[in-house]
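S.K.: Residue numbers (this note's numbering), protein chains in the order written: chain U, 1 to 112; chain B, 113 to 482.
One should not assume that every hint holds.
Simulated coverage check for chain U against chain B, where a stretch passes if three residues somewhere in it have a Cβ under 8 Å from a Cβ of chain B [claimed, not checked]:
(1) 7-20
(2) 77-91
Using C-beta positions, here's what the derived DEER-type ranges look like [said to hold, decoys possible]:
(3) Pro430(B) <-> Gly48(U): 50 to 60 Å
(4) Lys121(B) <-> Asp45(U): 45 to 55 Å
(5) Asp45(U) <-> Trp139(B): 50 to 60 Å
Selected chain B positions facing chain U (Cβ under 10 Å, derived; list incomplete) [said to hold, decoys possible]:
(6) Cys209
(7) His279
(8) Tyr372
(9) Cys408
(10) Ala412
(11) His480
Treat the hints as calculated values from the structure; they're not laboratory data. Nothing here was measured: the structure is a model prediction, and the numbers come from that model. We put the beta carbon where it would ideally sit given N, CA and C, even for glycine.
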Amino acid sequence: MDGRMSFDPVEDSVEDFPADLVFLAMGFTGPERNELIDGLGVELDQRGNVKRNEEFRTTVEDVFVCGDMGRGQSLIVWAIAEGRSCAAAVDRLFSGSTQLHSPVTPTSVPLR
Amino acid sequence: MGDARGFLKHDRQLPDRRSVPVRLRDWREVYEPFPEETLRHQAGRCMDCGIPFCNEGCPLGNLIPDWNDLIYRDHWREASDRLHATNNFPEFTGRLCPAPCEGSCVLGINEPPVTIKQVEVSIVDRAWAEGWITPLVPTENTGRRVAVVGSGPAGLAAAQQLTRAGHGVVVFERTDRIGGLLRYGIPEFKMEKRHLDRRLAQMEAEGTEFRTNTTVGVDLSVEQLQADYDAVVLACGATQSRDLPIPGRELAGVHQAMDYLPGSNRVQEGDDLKAPIDAEGCDVIIIGGGDTGADCLGTALRQGALSVHQFEIMPRPPEDRGSGNPWPTWPLVYRVSSAHEEGGERVFAIETSEFTGEGGKVTALRTHRV
Ligand SMILES: Cc1cc2nc3c(=O)[nH]c(=O)nc-3n(C[C@H](O)[C@H](O)[C@H](O)COP(=O)(O)OP(=O)(O)OC[C@H]3O[C@@H](n4cnc5c(N)ncnc54)[C@H](O)[C@@H]3O)c2cc1C
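Sequences are here, hints too, so could you generate the full structure?
M.R.: In structure tokens form, the structure reads like this:
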């Protein structure tokens, strides 16, 4: 069901809550599939994010991806880290090498 | 290391939060200023560990023990240089980051960790106030052109790095302002947008170009984009919201958080007097116990909601780390954000099965416990 978890209901626990306004804040499933993704023809990975190699390159030549669009819903600190690392990868494409800081790879994960 | 016994002399301390009635009215950030001397003591709690796990916990690899020591020794300007060596935008992370660094701080094994995030934001705020942060204009122009699509923190960081490396960078953004979720999403009370505007002014002075109101793929074709630029960096975010396809979902009054939050961002920018969706006098229910939900809570309370409940399907997390969640991993513990101390009620282990309504408008949620 669209990535949602399912839980066993507790018996006799049905309760109605009055509401005039409801906000759904259940997270994000990935980038929007629209003219940009279709037009470029970039491939998506199994989770629906834009697929990339270890150099932040998509499946289309000279097109890179960074941040939530490649990693999926994450944090600002990861977005900045990816932006920096992706810039280093672009600079490497142009110059053959780079002095730019590259703190993470597309597959880096939090300590766990 | 500055103070070898700092962590024995000083307990962890954070700035006070402003009084709830005041901050609910003015929408501004919630923290009081933090005295410099207190901050020095806090930075002095850092042990400059042989293996600083905070470095590893931070995706940016921030040189945390270095700048803690510099603050302890009162070398603020050097601290700012060291901080900016790994982070383009410490004023964003210093306000908004959940701080995995603190979760992996070695002191955290048996004491509350160093207040790393507070040191970070204090350094960068002082650096701006002193005028130490100036445009770093590139000295050469490589003649290469890069298009960055999307202006959130990922696109902005990539753009600033590439501009400084001498490439010609244009950032395209489909909305009317630059910033991604930092602009439209994250409320003013978590980060005042003046911090974003100030950083964008630096980027423009360095030569980064910004084009707003441009949806790439619609207003600018992908063919044109690829023809005009030597490389394209996509940074459009993960903006597809998860939905809740249960009976009654179509009723008026049921909204995605991201259809709600930007309205208040626009009011705070001075574009509108009232948000299109306004919670004044309403009974509000937020489905989702995370950050986005807390941002809806803080926003609804500021608009004058009658009541707010925040539902979370998972059980209430423990107060302290569980045995399966040891240091230095991210602590899965009960967290109280600033919005949570302002009001509303959090309900855990609850699932919604149906929205019910009258005349096409939602009036209640049918729930059960899980
Ligand atoms: C309400 C909310 C609160 C959050 N709070 C926090 C927090 O406190 N701390 C934290 O660390 N993280 C937080 N996050 C997560 C964090 O904001 C994101 O991880 C981060 O912003 C991702 O950055 P990004 O640059 O990848 O994308 P985004 O910030 O999503 O930016 C993408 C940009 O691309 C633009 N775009 C999309 N398609 C196109 C196109 N075709 N043409 C041109 N432009 C386009 C969009 O308009 C948008 O401006 C929060 C998220 C939300 C939703």
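S.K.: All hints, please: hold or fail.
M.R.: Results for each hint:
1. Figure legend: the segment 7-20 of chain U, annotated as covered by chain B; annotation consistent (12 residues with Cβ-Cβ distances under 8 Å, at least 3 required).
2. Coverage of the segment 77-91 of chain U by chain B holds in this model, with 13 residues showing a Cβ closer than 8 Å to a Cβ of that chain against a need of three.
3. Checked against the hint of 50 to 60 Å, the C-beta distance between Pro430(B) and Gly48(U) comes to roughly 32 Å, which is inconsistent with it.
4. For the pair Lys121(B) and Asp45(U), the beta carbons lie near 50 Å from each other, so the given range of 45 to 55 Å is met.
5. For Asp45(U) and Trp139(B), the hinted distance range of 50 to 60 Å is not satisfied, since their beta carbons lie about 39 Å from each other.
6. Evaluation of the Cys209(B) hint against chain U yields a held restraint, the C-beta minimum of about 5 Å falling below 10 Å.
7. With 10 Å as the threshold, the beta carbon of His279(B) comes within range of chain U, its nearest partner Cβ sitting at about 7 Å, so the hint holds.
8. Taken as an interface hint, Tyr372(B) checks out: its beta carbon lies about 5 Å from the nearest beta carbon of chain U, inside 10 Å.
9. With a least beta-carbon distance of about 5 Å to chain U, the hint placing Cys408(B) at the interface is held under the 10 Å criterion.
10. Interface restraint check: Ala412(B) against chain U, minimum CB-CB distance 8 Å, threshold 10 Å, status holds.
11. The beta carbon of His480(B) comes within 5 Å of a beta carbon in chain U, closer than 10 Å, and the hint placing it at the interface holds.
Hints 3 and 5, counting from the list given before, are not met by this structure.
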